[in-house]
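Spelled out from the first residue to the last, the chains are:
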Amino acid sequence: MTTPLIEARGLVKRYGTTDALRGASLRLLPGEVLAVTGPSGSGKSTLLHCMAGIVRPDEGEVRYGAERLDQAGENRRSTLRRTDFGVVFQFGQLVGELTALDNVALPLLLAGTSRAAAHKSAGTWLERFGVLGQAGLRPGEMSGGQGQRVALARAMVTAPKAVFADEPTGALDSLAGEQVMTALVHAARESGTSVLLVTHDAQIAAYADREATVRDGVVETEDEPAAEVTR
Amino acid sequence: MSTGNVLLGLLAAGPGHGYDLKRRHDERFPEARPLAYGQVYTSLQRLVRDGLAEVDATESDGGPERTTYRLTERGSLTLRTWLGEPVPPAPVSAANEIFAKVTAIIASGFGDPAAFLRLQRAAHLARMRELTAVKTVAGAPLSAVLSADYALTHLDADLRWMDNAAQRLGALAEEVTSA
Amino acid sequence: MSALRSDALLAWAMLRGSPRSERWRLALTGLGAALGTGFALAAAVVAVIGTRYGGGPPSYTNGLLNEGGLRPGVITALLLLIVPVLAFVGQCTRIGALQRERRFAALRLAGATPRQVRRIGALETAAACGVGSLAGLTGFLALRLVLHAGQQAGGGDGGPQQRALTWPTDVPVPWAAFLAVVLGLPLLATLEAWFTLRRAATDPLGAAVRRRRPRRFRRVRLLPGPLALLAATGLLLMAMSRKLGPDTPFFAATGLVLPLYLFGLLTSSAGMAAAMGRLASRSGRPALMIAGKRLRADPWAASRAHTAVMLAALIGVGYLTVRRVALDALRAEPEHHPDLAFYVGGYNLAGLALLIGVAVTISGLAVSVAESLTARRRTLAALAAAGTPRKVLRRAVLLETALPLAPAIVLSAACGLAVTGPFLVARAWSARPLLEAALLAGGLLAASLLATAASLPLLRYSVHPAQLRYE
Ligand SMILES: Nc1ncnc2c1ncn2[C@@H]1O[C@H](COP(=O)(O)OP(=O)(O)OP(=O)(O)O)[C@@H](O)[C@H]1O
Ligand SMILES: [Mg+2]
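Protein chains in written order, with our numbering: chain Z, 1 to 231; chain F, 232 to 410; chain G, 411 to 881.
It is possible that part of the hints are untrue.
To be verified - Selected chain Z positions facing chain F (Cβ under 7 Å, derived; list incomplete):
| no. | residue |
| --- | --- |
| 1 | T2 |
| 2 | Q179 |
| 3 | T182 |
| 4 | A202 |
| 5 | Y207 |
| 6 | E211 |
| 7 | P225 |
Quick caveat, the hints were computed from the structure, so don't treat them as lab data. All residues carry an ideal CB built from backbone N, CA and C; glycine is no exception.
All chains, full assembly: derive it from the sequences and hints.
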């Protein structure tokens with residue numbers, strides 16, 4: 001069996017009196033696209049946040065290789081987000097004040113890459129996702145689909161090990177959503193990036209290799225990994 | 232939708248012989264069940280009998296003899312009428328069968344309706360994954376994408392219905408057992 | 411160093427794309443820095459008068475500058491003027507706070523460490539304050555040149571040594587002190603930003619995902635304020651009843667009573683706003699009800715915005731009373747005090763400083779009302795869309811200032827009177843200080859309402875239905 005890229009075990013997360021997670025376990029394998037589905041409020045987003053190191057679980061562990069993300073400090077988890085992980089949300093992950101080009105270059109700039117080099121790779125990724133023409137626009141000036149593709153470019157610009165996508169097509173119509181998903185899956189397959197894809201839309205979940213369903217804060221079903229992930 | 236109507240549509244693009252028509256159909260509707268050659272042949276016979284199609288030419292360049300057919304005036308009129316009518320919104324049968332099974336499982340006590348729905352969901356999603364793979368292949372023809380989409384959307388509708396049902400199994404069980 | 415450079419470039423890129431509110435915030439912050447720099451520079455100039463850097467023995471028309479014993483007072487007054495400026499800058503930092511929080515969260519999500527976000531935020535402040543400080547320096551030097559030219563022209567004959575100047579423009583510019591001010595002020599502001607950003611910079615989900623619930627107002631917090639006020643008054647009465655001689659109780663009392671009053675006022679302002687809110691929200695009048703509900707929901711906002719005005723009322727009333735009583739005493743025995751004009755001049759100068767402070771304070775209030783109108787535009791637009799007449803909303807905004815501020819000013823003025831009470835009683839009793847205090851309180855309230863009214867045109871923009879379209 002392949003060793004997982006990221007493994008969550010027995011995650012518990014409470015917000016006040018609501019238990020968002022109550023013992024959720026999930027494995028994200030290297031290079032796979034894993035869909036997480038489930039009813040609204042079941043804890044999908046919280047699970048994703050925990051596995052991406054954005055939120056610390058109250059109990060349980062998140063392993064990334066030999067590292068314990070649930071114990072890693074704020075700085076280490078921030079660094080991981082600009083080197084090993086990328087995130088795409090439904091909206092709100094782009095910096096409204098920055099142009100698309102700067103937004104995509106942001107993780108590189110934050111890591112200290114030179115401006116010219118960062119803009120060069122940002123441009124390449126914008127072109128791959130077909131939004132190079134919008135490079136000079138700010139998020140407020142783009143359509144939802146264009147914005148999501150810019151967000152994808154930003155998630156991929158660091159050649160991450162994993163991309164965490166929470167309803168990346170939630171605000172798009174089906175055609176725009178299809179384009180975003182195709183772009184994401186192709187890019188991920190090509191670079192061997194794992195994708196954790198939270199969605200409530202089965203048509204979007206169908207882009208994934210496996211599906212896990214969440215209900216009431218636990219992972220109810222998780223497809224067995226295929227003997228060999230086809231790609 | 233009769234095979235005859237489909238053949239009329241294919242002939243409208245230009246005359247063709249039986250095998251030709253079958254190939255055109257299978258290419259354009261890759262997700263549909265391939266037409267059997269025998270079926271094409273009998274349907275053509277029937278179209279000729281009804282005066283909707285006629286023999287265009289018979290040729291045999293070395294090989295076996297081939298008959299090319301073309302549309303008649305009446306045939307194109309019939310086609311026009313068919314294309315002008317809406318397709319009756321027929322009840323979709325798959326969900327009905329799933330529903331029938333769920334109800335039967337509850338009534339008989341043979342198995343767990345939730346587990347069955349999970350199984351069905353996995354099956355549906357597996358099929359949807361195949362269809363998605365078909366349509367996301369680089370350079371997939373638009374006809375392939377659109378027909379995959381058609382199937383995907385219907386499967387998705389089933390899935391949504393199943394998710395809905397899965398959340399209300401308790402109430403359904405009460406209704407079924409009390410009846 | 412290169413990290414700092416890349417952060418600075420990022421901050422600059424963001425500034426170029428920032429909304430208007432952000433530019434307003436930075437411009438007003440810069441303005442505050444310029445004002446503060448001006449006051450500090452003036453203090454520096456006064457500080458070197460009469461020293462070996464001061465360009466000869468002082469001989470000015472204004473006695474306050476001539477007497478070595480009074481100059482520290484002038485310096486203190488000038489430095490104290492920085493306090494309302496700080497309050498003003500504090501109000502300015504709240505402009506666009508939500509948007510800034512969202513931006514910081516987005517940066518964190520993209521992998522910025524909390525430290526980096528704080529650095530970027532502090533850099534913005536540093537730049538705004540640096541530019542403001544430089545502007546303040548330029549303005550100060552220009553003013554000095556103009557005054558100098560004016561005095562030169564008006565002076566006519568006599569050598570510069572004999573002629574008495576009004577302004578100390580003969581003092582050579584104390585460059586070392588100026589440098590310290592121009593560098594030190596932005597540095598202080600930057601450090602302050604660095605610390606206040608500690609909380610803003612932590613959550614990568616931040617405002618982008620969920621909005622924080624406002625802090626709950628707990629009734630227990632109502633207690634310490636009135637208790638402190640009561641204790642101070644008790645102390646004061648005790649000191650007065652002992653009648654320890656004309657001056658002793660006053661100084662002894664103010665040493666303890668003034669801080670107690672200050673503490674009491676500051677801690678009871680939120681409670682007062684909440685209480686007024688509760689009263690008003692029971693009323694059937696829509697404007698009162700809206701204002702009341704809003705005050706109950708967030709009494710801290712009212713307290714934040716009104717603290718500076720309360721301080722101004724307290725200090726203003728205290729000043730007026732002391733001035734009135736002191737000058738009356740001097741006038742009563744003119745034979746003992748031939749230098750009456752000198753004292754009057756001194757008090758007037760202090761009054762001018764106070765007036766400047768009040769002006770800055772009232773500007774801060776205007777900024778806070780404008781900020782709250784833009785920050786709440788969705789709510790306001792929803793109210794308007796639901797059919798609330800704009801007149802009612804306008805009245806509600808005014809009431810929201812007036813309801814908590816009127817009792818707060820009255821209370822502060824009363825405290826100011828009380829602090830100077832022993833002084834008043836020790837001297838001949840007269841009603842004039844009371845009248846002056848009442849006038850001051852009324853004036854402050856009127857000015858505050860005017861400042862609020864000045865922000866009302868923003869309401870038209872805030873209630874536009876388009877505000878409902880954007881998240
Ligand atoms: N920051 C928070 N503060 C308070 N409660 C929260 C917070 N985040 C999540 N919750 C609660 O935790 C539960 C799970 O939320 P979560 O966002 O993970 O659900 P979800 O499965 O992503 O739902 P959806 O499909 O609607 O996005 C919900 O009940 C939610 O109200
Ligand atoms: Mg969610």
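Quick rundown of the hints versus the structure:
The restraint placing T2(Z) at the interface with chain F is violated, with a minimum CB-CB distance near 19 Å, outside the 7 Å limit. Violation of the interface hint for Q179(Z) is found here, the shortest Cβ-Cβ separation to chain F being roughly 11 Å, above the 7 Å cut-off. The beta carbon of T182(Z) is positioned within 7 Å of a beta carbon in chain F (closest approach about 5 Å), and the interface hint is therefore held. With its C-beta approaching chain F no nearer than about 4 Å, A202(Z) sits inside the 7 Å limit, and its interface hint holds.
For the restraint placing Y207(Z) at the interface with chain F, the shortest Cβ-Cβ distance is roughly 6 Å, inside the 7 Å limit, so the hint holds. With its C-beta approaching chain F no nearer than about 6 Å, E211(Z) sits inside the 7 Å limit, and its interface hint holds. With a least beta-carbon distance of about 14 Å to chain F, the hint placing P225(Z) at the interface is violated under the 7 Å criterion.
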